[in-house]
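Asker: Take a look at the letters that make up each chain.
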Amino acid sequence: MAKQLKVHVFLVLICGSVLLSNGSVIRPISDAHRSAATELFVPSHDGSFGSLEETYEALRTFQVLGVERSGDKTEGICKTVSEKLSLPDSTTKDIFHALKIKGILGCSTELVDFDGITSRLQYVINDASSLLELYYSLGGLLSIKEQGQNVILSDVHATFQAIKALSQSDGTWRYDTNSPGSSTFAAGIALEALASVVSLAGSDIDQSKIAVVKKDINKLFDRIKRYDDGTLYFDEKNVDPDQYKGPLGTSASVVSGVSALAAVSSEKLNIGGEKISGLAKFFLSIGVPGTTKDFFYQINSLASLESNRVSIPLILSLPATVLSLTSKDQLKAEVTTVFGSPSPPLTVSLLKVLTPDSKEVTHFEKKELEYDQENRIHFLDISNIDVGKYSLIFEVSMNDPELAENYATGGQISVTTFLTGNVKIDKAEIAISDSDASSESVKKLDLSKDSMVSLSANHLQKMRLSLQLKTPLGKSFKPHQLIVKLQHESKVEHLFVPDMSSKQYNLVLNFLGLVEKFYYLSGRYNIELAIGDAVMENSLLWSLGSIELDLPEAPEKAPKPRAQPVDPLSRFGPKEEISHIFRSPEKRPPQELSLGFMGLTLLPLLAFLIGLLRIGVNFKGFPSSAVPASFAVLFHGGIGAVLLLYVLFWLKLDLFTTLKALGFLGVFLLFVGHRTLSYLASTSAKQKTA
Amino acid sequence: MAKATNDAQLLIQSLRKAYAATPTNLKIIDLYVVYAVLTALIQVVYMALVGSFPFNSFLAGILSCVGTAVLAVCLRIQVNKDNKEFKDLPPERAFADFVLCNLVLHLVIMNFMG
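Quick note, the sequences are listed as chains A and B, same order.
Residue 302 is where the first sequence starts when you use the numbering used here, and the numbers rise one by one after that.
Residue 107 is where the second sequence starts when you use the numbering used here, and the numbers rise one by one after that.
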């Protein structure tokens, strides 16, 4: 139990340092992402990462993260891409992804029939009523244009209208004119398709059309969802199990669409820095994704946010959220873009420090963090704040006010931190007093000394334990756990919690009332004190000493202590090995004796044969003529065969084989015997009559 | 006392004479019975010496001797011409029975012996 308590205390400390409040720790994209990407996106033997779509996702992720991959078989991928582009029956989706891969890898454009593809895509655009077909074909044409070819969209107005026609009143989009269901994911795709139309049209497009789309975007953003810590994301209202991509996929789609449209629109879209910041936090709060699709969504969306024309999100992150007062840690904060790139000059201020019950720490005033140019870190000395768990409220402001519009700083940012330190134990003492509180024998307890106290008491006395706990700054401290344990020699234990009263902890044990609780067990009790808290760096299990208790005899009906847990290994562990004692074989007689008696058994046979000769046995009755003679011979032979069969049976045959053979022999013997004996009978009858 | 021994000797001699008159085939059968019983006795002596460990083997041996002796006695009864009861039974038939019963007995014995 002591061990369990100790482990529990340290676990509380560990959990405390990792404890997260209602928001997750947000850090910018780092090398952890890059190495995870290298591990997740594993190319197959021909260099591709699966289908064209998966290959595109992998390559785009590596491109954004800046991961240099020397082992890639880009020629293999380029070859596949060229093949797909030259096939007459490739789908628009494949063509779209193939052209995108070409753009990333920079494959050679020699063998590709761009005119053919362009006309095919144009045909699909003119014909299509499905949003996805329009999206893929427009995206394909845009890729071709970006790779240097001359592409002209035939009917800009009609295409724009075709896409716009699928929009719904609440900002979502339908997939085609036939399907009734609409989704936010489709809205993102539609916005990106509209952006492709605008960039393909060049200067032909009428900016008023874009203004109409702006209304749709506003309605879409009205449906944005929010977490408590200011993270924003998009999700579907009606979930279609086939098409649902999850909040990550939906938000990624909307972000791609909106940033594509913002890039081509001449006016600024009124989305607001707060929303951009919230979306950026959402994508970063995922941490390192576990699947390739999630990775692509996260990285692609963050790349769109980083380079968008509305405002670039800046992330404030703390490299360490557990700060130790003993090692004089300073509060450090970093402000970077989502990819960890440096931000323009700015100031970080710590506005408030809030305790867990949302009260402000009173003596704290707004402070600006100092800036370390070399390490690009803002820091602050916090030695005047006591130990505890706090929510720190930061605010970021740009040094150059003109840049404030271009960057989204996220308003007031709340970060949970732990300030840990050593807690001092003061004025600890233990005393035994008589019940009338007349005399007290007090012993002082000191943690630094290794001494153990040794007390004795009977059931008429009381024991008092009192102590004070002080933080490094001298204030009184209330730990999560303060437990006193009394353990009897027979491993029966009792736990008590001291009460707190005006800065001091007091535990009074009146043994008169506790006699029954202690199961009337007299003897030596070990006293242990356990103090634990998340912010206490020196949580401890202190063995104070022992107390010899003299309790009265247990009456008949007294409760017995609970059976103590048995050491599981002794009960369920391996038992001692049983060696099987085989039955000792029976004592056999010496072989010579047995053989001797076997010989002896044959003696009567000899005697029998000699006796037969003495009597005058003859073969006169044996038939002389041929046929009966042969039968007689066969008869005797048959009997001999049966006896031989018996010998074989004893030696090695089994009963079934023997019975089978016996059946045949028996029938034969019966027949032959009958012939012989009837012949003999007839001859003897003839002799009698004759 | 001498008379007692004399009487015994006279008795034995008269028995011998009477026995000599029995037909040969009956004598053969008697000899066979004696042979079987002697064999059984030797086995019993052996068992008394070394203990009855493979008891089934001991029983098999004993019972084969005793069984065949019993069958021989039955054959003697049936073949004996002085026996009125079996007057109509041809001796060959009795012999055939004897052979058959012996074969069955020895099958069982061989099985039991193990």
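FYI, nobody ran anything at the bench for these hints, they're computed from the structure.
It cannot be assumed that every hint is accurate.
Quick list of in silico lysine-lysine cross-link-like pairs, DSS-like style, CA-CA up to 27 angstroms [what the hints assert, rightly or not]:
1) A:792 to A:771
2) A:594 to A:653
3) B:109 to A:921
4) A:744 to A:728
5) A:526 to A:569
6) A:989 to B:109
7) A:987 to B:133
8) B:187 to A:989
9) A:987 to B:190
10) A:792 to A:776
11) A:763 to B:193
12) A:744 to A:763
13) B:133 to A:989
14) A:987 to B:123
15) A:888 to A:876
16) A:921 to B:123
17) A:526 to A:465
18) A:668 to A:744
19) A:763 to A:660
20) A:520 to A:546
21) B:123 to B:187
22) A:515 to A:546
23) A:728 to A:667
24) A:516 to A:569
25) A:792 to A:876
26) A:750 to B:190
27) A:690 to A:779
28) A:989 to B:193
29) A:725 to A:690
30) A:771 to A:750
31) A:465 to B:187
32) A:569 to A:594
33) A:876 to A:861
34) A:771 to A:690
These numbers were taken from a predicted model, which means no experiment stands behind them.
Asker: Find the hints from earlier in the document that the structure breaks and name them by number, from lowest to highest.
Answerer: 1, 2, 3, 6, 10, 11, 14, 15, 18, 19, 23, 26, 31, 32 and 33
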